[in-house]
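Participant: Now for the letters of each chain:
Protein chains: 4
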Amino acid sequence: MITTTKNLELFLETRKLTEQICKPLEIEDYVVQPVEFVSPPKWHLGHTTWFFEEFILKKHKEAYQIFDEQFSYVFNSYYESVGEKVIRTNRGNLSRPTVNRIYEYRKYVTEALVEFLNENEISQELEAVLEIGIHHEKQHQELLLTDIKYILGNNPLLPIYHKNFNESKIENHSHKWLSIEEGVYEIGKPEDGEFCYDNEKGRHKVYLNEFFISNKLVTNEEYLEFMEAGGYQDVLLWHAEAWDWITTEKIKAPQYWHLIDGSWYQYTLSGLKPLAPEAPLAHISYYEAFAFAQWKDMRLPTEAEWEIAQEKFDWGQRWEWTESAYSPYPNYQKPEGALGEYNGKFMVNQKVLRGGSVATSPKHTRCTYRNFFHPNLRWQFTGIRLAQ
Amino acid sequence: MITTTKNLELFLETRKLTEQICKPLEIEDYVVQPVEFVSPPKWHLGHTTWFFEEFILKKHKEAYQIFDEQFSYVFNSYYESVGEKVIRTNRGNLSRPTVNRIYEYRKYVTEALVEFLNENEISQELEAVLEIGIHHEKQHQELLLTDIKYILGNNPLLPIYHKNFNESKIENHSHKWLSIEEGVYEIGKPEDGEFCYDNEKGRHKVYLNEFFISNKLVTNEEYLEFMEAGGYQDVLLWHAEAWDWITTEKIKAPQYWHLIDGSWYQYTLSGLKPLAPEAPLAHISYYEAFAFAQWKDMRLPTEAEWEIAQEKFDWGQRWEWTESAYSPYPNYQKPEGALGEYNGKFMVNQKVLRGGSVATSPKHTRCTYRNFFHPNLRWQFTGIRLAQ
Amino acid sequence: MITTTKNLELFLETRKLTEQICKPLEIEDYVVQPVEFVSPPKWHLGHTTWFFEEFILKKHKEAYQIFDEQFSYVFNSYYESVGEKVIRTNRGNLSRPTVNRIYEYRKYVTEALVEFLNENEISQELEAVLEIGIHHEKQHQELLLTDIKYILGNNPLLPIYHKNFNESKIENHSHKWLSIEEGVYEIGKPEDGEFCYDNEKGRHKVYLNEFFISNKLVTNEEYLEFMEAGGYQDVLLWHAEAWDWITTEKIKAPQYWHLIDGSWYQYTLSGLKPLAPEAPLAHISYYEAFAFAQWKDMRLPTEAEWEIAQEKFDWGQRWEWTESAYSPYPNYQKPEGALGEYNGKFMVNQKVLRGGSVATSPKHTRCTYRNFFHPNLRWQFTGIRLAQ
Amino acid sequence: MITTTKNLELFLETRKLTEQICKPLEIEDYVVQPVEFVSPPKWHLGHTTWFFEEFILKKHKEAYQIFDEQFSYVFNSYYESVGEKVIRTNRGNLSRPTVNRIYEYRKYVTEALVEFLNENEISQELEAVLEIGIHHEKQHQELLLTDIKYILGNNPLLPIYHKNFNESKIENHSHKWLSIEEGVYEIGKPEDGEFCYDNEKGRHKVYLNEFFISNKLVTNEEYLEFMEAGGYQDVLLWHAEAWDWITTEKIKAPQYWHLIDGSWYQYTLSGLKPLAPEAPLAHISYYEAFAFAQWKDMRLPTEAEWEIAQEKFDWGQRWEWTESAYSPYPNYQKPEGALGEYNGKFMVNQKVLRGGSVATSPKHTRCTYRNFFHPNLRWQFTGIRLAQ
Ligand SMILES: [Fe+3]
Ligand SMILES: [Fe+3]
Ligand SMILES: [Fe+3]
Ligand SMILES: [Fe+3]
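Residue numbers (numbering that gives the first Met the number 0), protein chains in the order written: chain A, 0 to 387; chain B, 0 to 387; chain C, 0 to 387; chain D, 0 to 387.
For the record, the hints were derived by calculation from the structure and aren't laboratory data. Treat the hints with care, since some could be wrong.
[Unchecked claim] Straight-line alpha carbon distances no greater than 25 Å define the calculated SDA-like cross-link-like pairs of lysine to any residue that follow:
(1) D:K344 x C:I26
(2) B:K249 x A:K106
(3) A:K5 x A:E110
(4) D:K333 x C:W378
(5) B:K215 x A:P329
(6) D:K249 x A:K106
(7) A:K344 x B:E118
(8) A:K251 x C:Q293
(9) A:K106 x D:I250
(10) B:K204 x A:P158
(11) A:K333 x B:H238
(12) D:K249 x C:Q349
(13) D:K344 x C:E221
(14) B:K22 x C:I26
(15) C:K22 x C:Q349
(16) D:K106 x A:P158
Because the structure is a prediction, the values reported are computed rather than measured.
Based on the provided sequences and hints, a complete structural model is requested.
Facilitator: Here you go:
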């Protein structure tokens with residue numbers, strides 16, 4: 000099948016990029032898990048590999064020899080239906096398998112899969128699983144970068160990941176409110192044969208009131224104004240749960256911001272830098288995005304508004320928090336079997352983010368892509384686009 | 000003003016009903032708080048009273064003498080902007096003020112308010128505050144009943160609240176799927192002068208696909224089938240957070256169900272009873288509602304679907320979980336000042352419930368009413384209506 | 000048997016005193032449990048009664064009718080071997096049985112026991128159980144008073160228990176260091192037929208170095224000096240666990256001390272009072288006692304030192320923290336059966352206190368009495384006597 | 000000074016041994032902290048080095064250049080008085096400094112100290128600090144081995160540390176009860192110029208009753224009998240806190256025991272092995288030691304009994320739990336300044352262990368040595384010797 004050739008290339012390119020992302024790391028950096036939602040880089044390397052072994056090779060490659068029987072237990076993540084797994088908080092407690100051993104595992108599985116694809120005509124179903132596996136690894140590439148940032152950025156030595164990594168491009172154009180007329184629109188992925196996740200499917204109509212959306216992301220400077228105006232102290236700007244959160248966690252600024260001798264600095268993947276006032280804000284929670292919008296007497300867009308308006312502005316630097324809760328689209332179909340656990344089971348208590356970020360894997364952004372996180376999380380490159 | 004007369008009556012009738020609800024209680028029952036989200040009945044009695052004192056009498060009644068300076072601290076609930084408050088988990092630790100003292104407080108405030116209303120022409124703004132105060136107390140009447148059920152139902156002696164309280168009416172009519180055509184509809188409260196909360200306002204258009212909705216609530220019998228088919232053991236039916244929840248909390252049945260010598264019983268406000276198979280199911284979480292719908296290969300309605308379809312079926316026995324997250328309607332306006340804390344600050348991580356229940360206060364149901372709870376809570380009379 | 004007559008009187012006198020202690024309470028005060036280690040007064044009333052029913056009437060009284068089958072579950076405390084029990088943290092969640100019902104229970108059991116004792120010659124073993132039951136109730140009388148103090152003293156309204164309750168007698172005599180010579184001494188209860196607990200038995204020899212012990216308790220004034228000298232801020236004075244404790248719990252003064260407009264007040268059972276400088280200090284933890292002694296360059300006595308020296312000073316106002324861990328005496332014998340759970344199972348991680356307090360039941364002090372608490376607890380009337 | 004030459008050798012030998020212990024490790028093994036009380040091996044390497052830098056070089060070596068200013072923050076452990084420190088639970092979250100960098104640090108400090116000692120006549124006080132530094136590192140050598148065992152033994156792959164590490168020597172001689180006569184004895188370190196810790200000092204008299212002590216450690220076989228007789232299920236054998244602990248933690252066997260297909264295996268530093276029935280038991284808590292002794296109708300010795308009897312038996316394979324709480328000896332003197340934090344601040348809520356173990360550093364055992372741990376800990380090579 001022709002698609003496979005394309006996917007074979009995409010597969011190889013993806014496998015390679017994952018390893019390139021890890022190049023600047025020391026062995027020690029691969030191991031730690033400073034907080035539950037961050038995984039050790041070596042776990043990402045193994046887990047993305049396990050996916051191909053578990054869902055393709057083990058089931059479909061004749062006489063396939065499993066690399067190590069115990070890896071399934073170590074590298075399974077959330078597929079409860081596939082069997083036992085190391086509990087998430089425990090990932091950073093495992094020194095073995097070593098990083099070298101995991102690179103051997105990667106090589107072994109990559110080669111076995113190439114062999115398999117070269118030697119077999121595969122079904123459309125299997126092709127779909129392959130595609131999911133590739134895009135799954137792409138997703139983990141972004142997590143790898145943000146997890147690495149967390150690991151290094153929470154080390155008191157604040158080590159540099161890569162001196163050339165540029166996290167922000169300043170949006171130089173002047174500010175404008177883009178207006179969208181009231182009416183019935185369509186959102187969701189059209190059936191055009193391109194890859195997408197189950198949660199984007201089911202293109203459907205929505206009714207939108209007239210609204211206005213900003214052509215620029217909120218900048219560090221604008222957010223600093225909010226801070227200096229006492230935004231973090233004004234209870235009326237915050238959700239009840241948000242107020243508990245900033246109080247308990249003593250939140251007073253975006254993640255990775257440091258106040259040193261009266262000036263603000265920002266830890267970036269290229270090290271600690273003075274805060275760039277005009278750069279787009281990053282690393283804020285939904286709670287903070289919401290409070291900032293309240294303070295401005297504005298609001299966040301819904302995901303439908305974002306999707307309809309997005310053609311009119313540049314996006315892709317920051318994951319943009321929307322007001323929309325992560326829910327199934329009308330007629331959402333959960334895939335059969337273990338892969339059914341992929342998206343649907345997270346559709347409660349999370350908020351949709353749209354766009355993409357400087358850490359997003361190439362060929363992994365789409366205007367219909369529905370990213371989602373709990374409203375308090377901010378280690379992703381999250382930002383704000385205002386609406387009203 | 001004419002409205003005030005109507006509201007004066009509603010006020011007195013509401014104040015009286017609160018106390019009637021408490022009639023069957025022993026003094027001891029007024030005091031305890033077995034779990035954070037349940038408040039002691041005496042706290043409800045004081046808190047609903049404090050609302051009128053704080054927002055009307057203190058600010059507007061000339062020469063008003065505060066009943067007890069310290070009550071503000073004791074009976075404030077969540078109005079962070081109004082001052083310090085006893086933290087929620089601490090309510091059940093306070094033996095004083097005594098129940099008698101709180102009844103005196105009620106009498107004092109009720110009389111002062113009547114005097115105030117009789118002697119003053121009040122502004123429309125204040126009339127609105129009065130209305131909110133009355134409906135606030137009505138909301139607490141339902142909480143009173145469900146909190147009393149929790150307090151008694153978690154006592155190993157399983158005491159009866161009132162032997163005549165009937166929690167369920169069997170829906171005798173035969174089952175039908177009601178169908179609604181695709182199209183643009185309107186939801187939200189029309190501006191008809193009737194009272195409603197801020198969160199219902201802003202009637203607006205929505206686009207709905209064709210859908211089908213059940214003319215009956217799910218019964219105990221149907222839910223038992225799900226349980227007996229292993230519903231609580233099949234991970235693929237559950238949200239990820241739901242699975243953690245049933246595992247950690249060892250959830251295996253709806254709240255208040257007891258398995259005694261192989262038969263199911265249900266604790267009700269009229270005591271422990273054999274499970275009534277045909278009665279509408281109650282006391283399940285959103286998580287369980289969702290899993291049940293998954294198992295049926297169906298789904299829960301959205302709140303828009305519910306609101307559009309509701310004319311075609313009977314409702315009001317159970318709060319019906321919807322698939323909709325609790326979010327602001329387009330053009331939602333938060334009220335100014337402390338009352339702005341009323342609804343908006345809860346608009347994250349909660350699910351909308353529609354309908355009403357056997358515990359709902361009279362004149363407190365509307366087809367546009369948006370109730371909301373966290374997805375794991377089930378001490379309210381919650382139930383399931385399926386859609387597809 | 001002659002002893003029984005004496006014990007019958009002691010029994011009746013004890014039962015009565017328990018109820019007298021509760022006289023000043025409102026019904027509501029009987030119900031709450033503001034912290035795990037405090038029990039609701041109504042629980043104490045029931046639990047001390049249950050002891051007699053469980054260990055005497057149920058087993059020995061012919062045709063004894065149990066008052067209520069479920070009370071065993073509700074009022075068992077720590078006798079794991081006797082059956083299930085309401086978990087300790089749950090006691091304050093039970094509104095039923097009501098206070099009145101528990102008073103009926105008390106009357107029923109008291110009368111049944113009197114009848115039993117009048118109609119039967121009882122064995123020496125049973126006599127011993129009766130004595131333990133009486134002294135058990137005496138122990139709970141002290142807990143009742145200190146739990147009531149905690150319940151009222153942690154209520155923002157700071158209600159008075161009884162206006163005549165005097166917590167402190169000033170020690171007017173001048174300060175002296177009492178000296179005890181080096182040598183072999185004997186401690187532990189002599190076998191003189193008087194009642195004592197198992198943990199005091201086994202009189203045995205100990206070797207003591209020469210030491211000095213104060214003839215007075217530390218006063219509020221002296222402790223205030225320590226506070227004002229920065230005692231709570233000097234890490235070198237504290238045990239590592241103590242430092243964690245004062246940091247986490249934000250401890251800055253003894254329990255029940257309030258700083259109001261720059262002056263210290265003390266909540267007492269007769270209400271809030273200005274701190275009495277010369278009164279003996281109360282309500283400090285072992286950690287604080289130890290840090291205070293360190294600051295003075297002195298130490299706390301061991302329990303052997305205390306027992307040998309006690310004839311030379313007045314004691315009984317405060318439970319005096321000793322440096323001794325609560326361990327079994329040489330040749331300690333745990334009683335057989337369920338009553339074996341009485342003392343021995345607590346012999347780890349607790350500190351011995353000696354003396355007695357203003358809350359101790361009459362006829363419940365002895366110079367060999369070994370009281371014990373975890374080192375962080377301070378709701379008892381605990382104090383400090385220095386040694387060097 | 001002559002002593003310095005001896006100490007210089009001991010210093011170099013100790014520094015070298017620490018690194019030899021780490022030889023078999025992979026880089027990854029140096030980094031993780033699977034539980035709070037286990038420290039990453041790289042932390043031990045840095046911390047023992049920091050001790051010499053902080054307490055000797057920084058204060059006394061002329062023109063000493065600190066290796067890295069931030070290491071003080073990273074490698075300080077519990078010296079609260081010396082400044083801020085990375086909180087203990089956070090050690091395993093730090094991937095940097097790298098293992099290589101820490102080895103450079105070790106080399107740098109070792110060489111600087113050798114230079115310092117060669118070029119300076121040092122005071123007796125400083126000599127004492129040097130000695131403490133060396134013995135401090137020896138203590139950490141034992142922790143290194145037990146922490147490594149924990150790190151590898153809790154990895155599902157159960158990797159081998161070193162195939163020749165022998166954890167147990169079978170005691171072949173026949174069992175005997177050694178008897179010690181009643182009388183006054185002396186315990187504590189004599190002043191003989193040999194190194195010891197502050198907590199052993201102050202040789203003093205104690206009075207002992209006649210007692211009997213076993214000439215052998217309890218074996219795996221004997222403990223298995225206890226398990227098979229239902230020891231873990233009989234509440235009357237356990238302390239109240241112990242029962243909570245085994246219930247909450249689901250403890251059913253000593254640490255590192257695995258039941259595989261009906262047979263017991265034991266993870267050792269040389270890998271997973273069938274349980275050796277005659278080998279001395281290891282890895283039990285004080286709670287388990289106590290319950291076992293109860294079951295046998297015997298008891299654990301006190302530390303005084305152990306010290307008096309120890310000449311009559313072989314010891315040094317297992318740290319032997321005693322019944323004694325860790326308290327100061329009479330006349331205990333806490334050292335001045337930061338080193339005063341060394342021992343005294345732990346003298347509460349811990350139990351004394353005597354003897355030594357297969358992991359104890361050479362020249363680090365003494366019959367007066369007072370080791371101490373919380374009663375629930377069992378990752379050290381702890382064992383049981385019975386007394387009666
Ligand atoms: Fe994944
Ligand atoms: Fe309220
Ligand atoms: Fe008791
Ligand atoms: Fe250390």
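Participant: State for each hint whether it applies.
Facilitator: Evaluated hints:
no.	hint	verdict
1	D:K344 x C:I26	violated, 45 Å
2	B:K249 x A:K106	violated, 42 Å
3	A:K5 x A:E110	holds, 17 Å
4	D:K333 x C:W378	violated, 30 Å
5	B:K215 x A:P329	holds, 22 Å
6	D:K249 x A:K106	violated, 40 Å
7	A:K344 x B:E118	violated, 59 Å
8	A:K251 x C:Q293	violated, 39 Å
9	A:K106 x D:I250	violated, 41 Å
10	B:K204 x A:P158	violated, 53 Å
11	A:K333 x B:H238	holds, 12 Å
12	D:K249 x C:Q349	holds, 24 Å
13	D:K344 x C:E221	holds, 23 Å
14	B:K22 x C:I26	holds, 17 Å
15	C:K22 x C:Q349	violated, 33 Å
16	D:K106 x A:P158	holds, 23 Å
Comparing the model with each earlier hint shows violations of hints 1, 2, 4, 6, 7, 8, 9, 10 and 15; every other hint is respected.
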